[in-house]
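Student: Dock chain B against the given chain F, drawing on the hints supplied.
As you go down the protein sequences, you meet chains F and B in turn. With the working numbering applied, the first sequence covers 1 to 225. With the working numbering applied, the second sequence covers 1001 to 1225.
In short, the hints are calculated from the structure, not lab data. For every residue, glycine included, the Cβ atom is placed at its ideal position computed from N, Cα and C. Warning: the hint list may mix true and false statements.
What the hints assert, rightly or not - Which stretches of chain B does chain F cover? Using the computed rule of at least three CB atoms under 8 Å from a CB of chain F, they are:
{"#": "1", "segment": "1016 to 1030"}
{"#": "2", "segment": "1102 to 1115"}
{"#": "3", "segment": "1175 to 1187"}
Stated by the list, open to error - Computed beta-carbon distance windows for the label pairs:
{"#": "4", "chain 1": "B", "residue 1": "R1023", "chain 2": "F", "residue 2": "V118", "range": "42 to 48 Å"}
{"#": "5", "chain 1": "B", "residue 1": "R1219", "chain 2": "F", "residue 2": "Q142", "range": "33 to 39 Å"}
{"#": "6", "chain 1": "F", "residue 1": "L201", "chain 2": "B", "residue 2": "E1120", "range": "49 to 55 Å"}
{"#": "7", "chain 1": "B", "residue 1": "A1015", "chain 2": "F", "residue 2": "Q142", "range": "20 to 26 Å"}
{"#": "8", "chain 1": "B", "residue 1": "E1022", "chain 2": "F", "residue 2": "L201", "range": "44 to 50 Å"}
Protein chains: 2
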Amino acid sequence: MAEFESTPRTKVKRAPQRAVYERETLYGILDEALICHIGFSVDEQPYVIPTIHVRVDDVLYVHGSPASRMLRRMASGAPVCVTVTLLDGLVLARSAFHHSMNYRSAVVLGVPRKVTEVKEKGVAFKAIVEHLTPGRWDEIRQPNPEEIRKTDVLALQIEEGSAKVRAGAPVDDDVDYELELWAGVLPLNVVAGAAVPDPALRHNLPVPETVSGWIDPQRRFDLSP
Amino acid sequence: MAEFESTPRTKVKRAPQRAVYERETLYGILDEALICHIGFSVDEQPYVIPTIHVRVDDVLYVHGSPASRMLRRMASGAPVCVTVTLLDGLVLARSAFHHSMNYRSAVVLGVPRKVTEVKEKGVAFKAIVEHLTPGRWDEIRQPNPEEIRKTDVLALQIEEGSAKVRAGAPVDDDVDYELELWAGVLPLNVVAGAAVPDPALRHNLPVPETVSGWIDPQRRFDLSP
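Just chain F, same shape as in the assembly (with noise of 0.2 Å):
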């Protein structure tokens, strides 16, 4: 895949070494994170949104009600930031200056377009569920036109966005690893509990297993060895 090219405002600078441009890792993060942050500015005032994201091809999408603040602003015309944040781990070094967390972040910028023909919203829709829990769309009641009509969903091209990334070992002062002291990585992951059924299921069914048999992004996307 191509790669990104850095403008003056998506070059990393701080820690440039953590920087990554490839539209390819940029995606694989895009995809692992369940929700996205997103700013935008109202009066000078930045807020930041979390929300529920999905990528399909270049484009990402996010929805919801008309009546909401976010979404009429990422329409307005005026530019937005949308983030995602994958923690992998604490990063615990010798020295205090040097503690860390191992993390990928992805950031794109751009004008967001409201989406207003139906089937690209119906292409949004489940994207957005099969993103969550893969299979559960074919399972479950799909949007009726009201539902439809009454959801907005934005699209952001995908085209001016970076990665960071760190990964690895603490890295001390030379000084330092002479120190008596334990120094590592604890690695966090996001982990799926039981399934807790809904106490007005009136019907006595089993736990499907697109929702039983979860597996969490990390582990979807996953291509290591």
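Tutor: Chain B alone, transformed into the frame defined by chain F:
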């Protein structure tokens, strides 16, 4: 603890039944989150960057390199938004439309100040390490004057903020409860794996209890019986 005044900027408009303005709830969310996302604007373009934070009383601290664009922007007198989000589960409804997430999020708005006193910087450094790994501060090599000098600390007074919480079972349309479709919640948790010692450890040191017995903040701050 006192409530926040709901300002026009922090009043939760979408799903207002999910809004919480109690300081205690907001602080619990800030304390449980290992990272925050900071929103700031440069030339009309919003940016959202993840970073480590900590709350000490009514102040939120973040730190980093003086060369960081985010920290420079935070010290410039411009307003920022700090958001943390805890993902508690996938809400799997009968209808695609009512699929959702259980989450707790907190938003704090304000204009940060740069911390100049060495003593307050020290408070922030210790709190950040202890937030990630309680008990570790006393086990590691603490910051020397040069490290303190070359780390910027920004403080945001927690005066204007709100929290949003969604918990519990899916809520479907009345007619959909008749459908023979499973619905419920799939809980999600952050879990630590086995500690990975730094390959450069020169001494045969055991993993300290502060790391091997690491309790994720969700359980650390869980006040339920």
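Student: The structure should be examined with respect to each hint, and the outcome stated for every one.
Tutor: Taking the hints in turn, this is what the structure says about them:
Coverage of the segment 1016 to 1030 of chain B by chain F is violated in this model, with 0 residues showing a Cβ closer than 8 Å to a Cβ of that chain against a need of three. Requiring three or more residues with a Cβ within less than 8 Å of a Cβ of chain F, the coverage given for the segment 1102 to 1115 of chain B holds, as 4 such residues are present. Evaluation of the coverage hint for the segment 1175 to 1187 of chain B: fulfilled, as 12 residues show C-beta separations to chain F shorter than 8 Å, against a requirement of three. Evaluation of the 42 to 48 Å hint for B:R1023 and F:V118 yields a pass: the beta carbon distance comes to about 44 Å.
For B:R1219 and F:Q142, the Cβ-Cβ distance of about 38 Å falls inside the hinted range of 33 to 39 Å, so the restraint holds. Between F:L201 and B:E1120 the beta carbons are some 54 Å apart, a value that agrees with the proposed interval 49 to 55 Å. At roughly 23 Å, the beta-carbon separation of B:A1015 and F:Q142 lies within the given 20 to 26 Å, and the hint holds. Checked against the hint of 44 to 50 Å, the C-beta distance between B:E1022 and F:L201 comes to roughly 32 Å, which is inconsistent with it.
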